[in-house]
Amino acid sequence: MNYHALAERLLPGDYPTLETYEAQYPPRNLPKGAEVTRLAPSPTGFIHLGNLFSAITDERIAHRSGGIVYLRIEDTDLKRKVEGAVEAVISALNYFDVKFDEGAEIGGDETYAPWYQRRRAEIYRAFAKKLIEEGRAYPCFCTEDDLTALREEQTKNKEITGYYGKYAKCRNLSEEEIYRNLDAGKPFVIRLRSMGNPEIKHKFHDEIKGDITVPENDQDVVILKSDGIPTYHFAHAIDDHFMRTTVVIRGEDWIASLPIHIELFAALGFPLPRYGHHCSLMKQDGESRRKLSKRKDPELSLEYYRKEGYYARAVKVYMLTLLNSNFEEWYLKNPDADLNDFPFKAEKMSKSGTLFDLDKLNDISKNELSKLSAQDMATFLKVWAMEFGTPEQQRYFEDEEKLLRVLTLCMGIGGKKRRKDFTTASQAMKFIEFFFERPMTYEEFRFEKDVRTKILKQFLEGYRYEDDAQVWFARVKEVASANGFAAEMKEYKAAPEAYMGSVADVAEILRIAMTGKANTPDLWTIMQILGEEEVRTRISALLN
RNA sequence: GGCCUUGUGGUCAAGCGGUUAAGACGGCGCCCUCUCACGGCGCAAUCCCGGGUUCGAUUCCCGGCAAGGUCACCA
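With my numbering applied, the first sequence covers 2 to 545.
Please note: incorrect hints may appear among the correct ones.
To be verified - Think about it this way: if two alpha-carbon atoms lie no more than 30 Å apart in a straight line, the pair counts; the simulated DSBU-like pairs of lysine-lysine are:
1. K349 <-> K210
2. K210 <-> K297
3. K403 <-> K100
4. K367 <-> K421
5. K372 <-> K361
6. K372 <-> K295
7. K80 <-> K421
8. K226 <-> K295
9. K292 <-> K317
10. K403 <-> K478
11. K421 <-> K372
12. K518 <-> K372
13. K292 <-> K361
14. K100 <-> K372
15. K308 <-> K100
16. K367 <-> K295
17. K202 <-> K159
18. K202 <-> K187
19. K159 <-> K100
20. K157 <-> K202
21. K82 <-> K308
22. K372 <-> K308
23. K308 <-> K450
24. K202 <-> K372
25. K367 <-> K518
Since the hints were derived computationally from the structure, they do not count as laboratory data.
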C-alpha cells in the first residue's frame, strides 16, 4: 500500500514538518524545575468545584515551582459550546484567586497561541497526515450504525467493546476498497492503528496516585473526526507537547484513557509529560456516593457559591484542606500566613474520592470572616449585595457609620473575643436585617401576654438612652425583681421554683421585642445603635 | 462484565511492624454567661472481612468483599 498517496488523498496539501513545528513552538524558557500546567475545560459554561479543585492544583504546582499555568479551551465538540463560557470560567476562577499566566482570552506569550483547539486545525491534520504516511493511522468508513451493531454484538458475546483487533474492520481494507469508498464520497474518520496488547501491563508513576499499572492500548481510537476536527485524545497529545506542558493534572476518570495517550505520544514521537490524576469530589446520594455531576448537582457550581456569598478565601482554604492533607495543620500554625506560602505537594493529595462537606466549609467560612475588620466586612457585603441583594438590603449601605457600628457589634470587634456569626454574605445580611427593618415576625414569647406587657411597659418607662451598659442592666434587673423574676442568675439557679424566671427571661422578652429574635449580640448595644426613638417605637408597637 | 483505582470514627484524615490509633468538622454533655456566638473542659464513635508472614499486624503478602471510575466521531 502506498501510504503517501493515501495520505495525500485523505488530507491533500502541504503541511509543515515536525521540525517546523518544533521550531515554531520551542521549549519554554523557564528555570530548571519550573512546571508548566494547564487547565483545559470544554466551553460548556458550567464550572464547578471540581474545576476549582483542578485549577488550584495546576496553579499551585506551576507557581510553587516558578513555572506557569495556562488556560486552553477544548472546543472540539461543537455541541458543548456555550457563548460567553470562557469569560465565565476566567471570572469564576479569578474570584477564587486562580490567575492564569497565559491562555484563551488572557493573552500572555503568543508563541503558544492560539489556545482554542478549533483554531489549531492545521497542526492536528499535519500530524494525522504524518501518521497515515507512516502507516500508523488509517481511514475508517464505518457508520454510526455499524459501530452500534458492533458494540451490541460484543456486548452480547460478553467481549470488550470497541474498535480493536479483529473487530477493526477498516484497518485492513485493501487499497482498492479504500479508494472505492473515497470515490463514492463516503465520509470517514482517521483512526490510530494500535500496536498494543492489553495483556501487557506497565508500571506507571502518577504524580498523585503514585505507582499504578497501566495496560497497553489496543483500541484503534479515532484521532480525526469526519469533520476533520481532532478528538480530545489527539489534541491532548499535540497541544500538551507543543505548548510544553510538563505536568498534566486532570481528574482520575482520565486514567482509563491513559493507555491511549501513552500510545499516541509514542506514535507521534513526543516524550510523555508527567501526569497527576486527582480524585473527584463526591456527593452523598442516598445510601451511596457518586461523583459530582453537572446535571444533578447545580448547587455545586461555582456560581452557587458566589450567589450565596461565600467568602472567596474561605472556599480556597477549604479546597486546600481537601487537596493537601497537611494543609489544615499548617494553617492552624500559620493562621495569618499567605496561603501561597504553603508548601503544596502533589503527592500529598488524597488518593480516594472525597465527600464534599458543607459543614466544614461553613466552619471555615466563619473563621475567615471573623478575622475581617468591620470595614473589610462592609466592603465584602456591599459587593455581594449590589449584585445579589434585594433593594432593601442595598439600602443598608446608605448609612455607612451605622453599618460599621452594626458590624463591629456583630463581629465582636473590640471585645475580648471575636464572634463567629457570619458564614456567608447572604446569611450575614439576613442576620443584620433587624437593625435596618422592623421585625416582621417575632419568635415565640415564653410568657403570658400580661406578664410581658407589664415588663415591656415598666422597661419603657424607666428607659433612658444615655444610660451606660451597667446602669441599663441594673434597670433590667429592677424590672425583673418587680415582676417576680430573679435578678441574679445565681439566686435563680439556687431556687428556680421561687421565681417566675430570671433576668435572662426578662432580657429575652426585651430582645424579642427589639429584634424579633431570641438570640442576638448584646442588647444594650443594639439599642444604642437603633436610637432612642426606634427603641420606643418598637416596644410601643408591641404594646398595642 | 473487562480493566483501573480506593477501603482508618457520620465527614476530612494523620499513621508506614510495637501508639492510650493524632487532629479538624459534625453530634452530645458540662463550665462561662442576660440569650446567642466566642472560649474552656469532657464524652461517644474508626482500622471492610478471611487467611498467612512475624514474638507482634491498622501497617507487609495472598484471597475475598465493598465502593468509585471507565469502556463514544464527549471532553
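Structure-based check of each hint:
no.	hint	result
1	K349 <-> K210	holds (10 Å)
2	K210 <-> K297	holds (28 Å)
3	K403 <-> K100	violated (36 Å)
4	K367 <-> K421	holds (5 Å)
5	K372 <-> K361	holds (17 Å)
6	K372 <-> K295	violated (34 Å)
7	K80 <-> K421	violated (46 Å)
8	K226 <-> K295	holds (26 Å)
9	K292 <-> K317	holds (20 Å)
10	K403 <-> K478	holds (28 Å)
11	K421 <-> K372	holds (9 Å)
12	K518 <-> K372	holds (25 Å)
13	K292 <-> K361	holds (19 Å)
14	K100 <-> K372	holds (24 Å)
15	K308 <-> K100	holds (21 Å)
16	K367 <-> K295	holds (28 Å)
17	K202 <-> K159	holds (22 Å)
18	K202 <-> K187	violated (37 Å)
19	K159 <-> K100	violated (48 Å)
20	K157 <-> K202	holds (27 Å)
21	K82 <-> K308	holds (24 Å)
22	K372 <-> K308	holds (22 Å)
23	K308 <-> K450	violated (41 Å)
24	K202 <-> K372	violated (52 Å)
25	K367 <-> K518	holds (21 Å)
Comparing the model with each numbered hint stated earlier shows that hints 3, 6, 7, 18, 19, 23, 24 do not hold.
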